[in-house]
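The hints should help you fit chain S onto chain H, whose structure is shown.
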Amino acid sequence: MAQIRIQNVRKEFGAFTAVRSSSFTIEDGEFFMLLGPSGCGKTTTLRMMAGLELPTSGEIFIDGEEVGMKPASKRDIAFVFQMFALYPHMNVRKNISYPLVSQGMKREEVKTRVHEVARILKIENILDRPVGGLSGGDRQRVALGRAIVRRPKAFFMDEPLGALDAEFREHMAEELRALHDRMGATTVYVTHDQLEAMQMGDKIVVMNHGVVEQFGKPQQIYDWPATKFVAQFIGSPPMNFLEFEGMIGIGGTSIDLGEAKIEVPGLREGRAGKLTLGVRPEHVRFVNDSAYRGRVSAVEYLGTTQIVTLRSSYGDLKARVPSDQVVREDELVGLQFDPRTLSVFDAETGKVLRSDANDGVLGHG
Amino acid sequence: MSSYSVTEPSRRQKWFAGILVVLYALITILPLVWIIATSFKTPSDAIAYPPKTFFTPTVEGYVNVFTTRTRLTEEQLQAVGEPQTWYDRLVRKDGLVISGPSRFAERFTNSVIIGFGSTVLCIVLGTAAAYAFSRFKVPLKDDLMFFILSTRMMPPIAVAIPIFLMFRSLGLSDTHAGMILLYTAVNLSLSVWLLKGFIDEIPIEYEEAALIDGYTRFQAFYKVVLPQAATGIASTAIFCLIFAWNEYAFAVLLTSGNAQTAPPFIPTIIGVSGQDWPAVAAGATLFLVPVMVFTILLRKHLLRGITFGAVRK
Chain H
225 MAQIRIQNVR KEFGAFTAVR SSSFTIEDGE FFMLLGPSGC GKTTTLRMMA GLELPTSGEI
285 FIDGEEVGMK PASKRDIAFV FQMFALYPHM NVRKNISYPL VSQGMKREEV KTRVHEVARI
345 LKIENILDRP VGGLSGGDRQ RVALGRAIVR RPKAFFMDEP LGALDAEFRE HMAEELRALH
405 DRMGATTVYV THDQLEAMQM GDKIVVMNHG VVEQFGKPQQ IYDWPATKFV AQFIGSPPMN
465 FLEFEGMIGI GGTSIDLGEA KIEVPGLREG RAGKLTLGVR PEHVRFVNDS AYRGRVSAVE
525 YLGTTQIVTL RSSYGDLKAR VPSDQVVRED ELVGLQFDPR TLSVFDAETG KVLRSDANDG
585 VLGHG
Chain S
15 MSSYSVTEPS RRQKWFAGIL VVLYALITIL PLVWIIATSF KTPSDAIAYP PKTFFTPTVE
75 GYVNVFTTRT RLTEEQLQAV GEPQTWYDRL VRKDGLVISG PSRFAERFTN SVIIGFGSTV
135 LCIVLGTAAA YAFSRFKVPL KDDLMFFILS TRMMPPIAVA IPIFLMFRSL GLSDTHAGMI
195 LLYTAVNLSL SVWLLKGFID EIPIEYEEAA LIDGYTRFQA FYKVVLPQAA TGIASTAIFC
255 LIFAWNEYAF AVLLTSGNAQ TAPPFIPTII GVSGQDWPAV AAGATLFLVP VMVFTILLRK
315 HLLRGITFGA VRK
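First to last, the sequence lines map onto chains H and S. With my numbering applied, the first sequence has no gaps in its numbers, which climb one by one up to 589 at the end. With my numbering applied, the second sequence has no gaps in its numbers, which climb one by one up to 327 at the end.
In isolation and in its complexed conformation, chain H is listed as follows:
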């Protein structure tokens, strides 16, 4: 088991920079999510940790040891691929024992270890089957088996649930999380699915264009996004943005949207110019006496809640309100935002302005 530390790691493929100067630390035993849209550099980062790519510059520490230039076979880690990469010419038992055989382990011990793993994963009954005919879930289990049988320092998983059916993913996600809790091994997990990341991760790193946007616990990232990108990428529907021009000073507690004065958490840095107010859909409330108003343009029913799309003078926004609330299309409603939950971004750089609420939790790794 190990702590993993990434320091100023950079990766270039010819003229293209896949990862620019990433740094973060994964604590021992953590279930750590690398989250981002495709092409953001999350898989490249993982592959560098695993030794499948060599970093152009920077350092990678596993268990205190610098491994950046070491081959994968010398790092004592396990990797679960999206397409599982089970050796197709071997049966389940051989697949699981393969990493042990390479270490020259005695046959008896290999046998015991394989059986132990098969018991944990409940795949004892398929040990002698060829991997070709297995269902997606069983393949996934065999791939996990091959990873855990070595008792490596860390597990690296590259979208391991990506190849599964939607209904089975849910189940497998739970199984994976339970397995992690039981073994307590450091796990780094790459995904583009923000729900999966929030559901399973102890900590999340959000990446975009090869840059670490934010680093922290799921709820911190959801509540206090560090950048507009994170605010949009996490949450469904994403955070609403109201674009305005104005000025706000250190210690400011409100902003002006035309006539309306909106209270925000006390700001610790000031800015003048193009700004963005960020508000999550569930923090928008309909009240009669608000000066800030919007016109309902669409209503989507989602069971317990409904998503109401509104047009307002500083931008469209979506509100998540209880289903029993009566909302009619084309109706003009007053909007109130929960003042404790708002974020103000610098529209030019996309970075959030530090405030009393988010100052402690903004992490860039």
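Hints in this document: simulated from the structure, not taken from any laboratory. One or more of the hints may lead you astray.
Think about it this way: if two alpha-carbon atoms lie no more than 25 Å apart in a straight line, the pair counts; the simulated PhoX-like pairs of lysine-lysine are [claimed, not checked]:
#1 294/H / 151/S
#2 298/H / 28/S
#3 151/S / 298/H
#4 28/S / 314/S
#5 294/H / 237/S
#6 346/H / 335/H
#7 107/S / 66/S
#8 335/H / 237/S
#9 318/H / 377/H
#10 330/H / 377/H
#11 346/H / 298/H
#12 237/S / 330/H
#13 107/S / 318/H
#14 485/H / 441/H
All figures in this text were calculated on a predicted structure; none of them were measured in a lab.
Using the frame of chain H, we list chain S on its own:
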């Protein structure tokens, strides 16, 4: 009323397709059947008009292809005495005695050595090159691949004279090594291209998994990639062997005494006593056997090789 299906052909369509296949099979198999039948005929049956479909089979052709025979006078025949073996008796009917073995067995062995030798070399070099092109960043990769392909673009025989001169000055004329090298050079482009296609299809994750599982790159190649590429290697081997086995023009030009293969030798059988078609047919029939056996053994792979890339899994 039968149910309507978009993909399942109707009964009439199936019959039509079946008849077409049978017709095609007849057209391709008939010459083979004729050659094999001729090899069991007597010389006079072989040139009978109208052609004989039914005849008394004899292995005279096979005896003739493996032997040289001399015509003797009555006195000489008596001096030689009674024929000792069944093949002696067979030629004695025509007043001949076997004077020694022909060079057919030797030529046939040459064909085997050169054909299989160049195939093995093609596969070893081709697999290594294809793996490198498929997996590594090779500078000017596309240009190199095109260059390899371009060596195949003109008919090989167009460079026959330069090769003839080159072989003469290198001392490769009429040697097994020379012919193996030549056929390897001609086939290598096909082998690299085909194998690269097959190796490209093997997901790189298998190797990466092996690398992480603690194997070196060579072990990963040997234990994971090679078994996966077996099908591709088999079908490529068939293509290479068929070419090297059937090649005629270079063999005529570059070999004579020592390393001559069967294709240029078989026509020379026509000769000694009239046109011995059964012997030629026997030679051709025997010549067919190795490639046929090899192809039948690997036929599953061959089919995959031909339809390769047509269907995505």
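Structure-based check of each hint:
1. For the suggested pair residue 294/H and residue 151/S, the alpha carbons sit about 20 Å apart, so the restraint of at most 25 Å is met.
2. Only pairs whose Cα atoms come within 25 Å are accepted, and residue 298/H paired with residue 28/S is rejected, the gap being roughly 59 Å.
3. About 23 Å separates the Cα atoms of residue 151/S and residue 298/H, which keeps this hinted pair within 25 Å; it holds.
4. Taking the CA atoms of residue 28/S and residue 314/S, the gap is about 24 Å. The hint holds against a cut of 25 Å.
5. Note on residue 294/H and residue 237/S: the hinted pairing holds, with a Cα-Cα distance of about 22 Å set against a maximum of 25 Å.
6. For a cut-off of 25 Å, the pair hint linking residue 346/H to residue 335/H stands: about 16 Å separates their Cα positions.
7. This hinted pair checks out: residue 107/S and residue 66/S have alpha carbons roughly 22 Å apart, not beyond 25 Å.
8. This hinted pair checks out: residue 335/H and residue 237/S have alpha carbons roughly 21 Å apart, not beyond 25 Å.
9. Under the criterion of a C-alpha separation no larger than 25 Å, the hint pairing residue 318/H with residue 377/H is consistent with the structure, at around 22 Å.
10. Straight-line distance between C-alpha atoms of residue 330/H and residue 377/H comes to about 21 Å, which keeps the hinted pair within the 25 Å bound.
11. A threshold of 25 Å between alpha carbons decides the hint, and for residue 346/H with residue 298/H the separation of about 30 Å lies outside it, so the pair is violated.
12. At most 25 Å may separate the alpha-carbon atoms for a hinted pair to count; residue 237/S and residue 330/H meet this at roughly 20 Å.
13. In summary, the hint linking residue 107/S to residue 318/H is not supported, as the alpha carbons are separated by about 67 Å, beyond the 25 Å threshold.
14. Between the alpha carbons of residue 485/H and residue 441/H the distance comes to roughly 32 Å, so the proposed pair goes past 25 Å and is violated.
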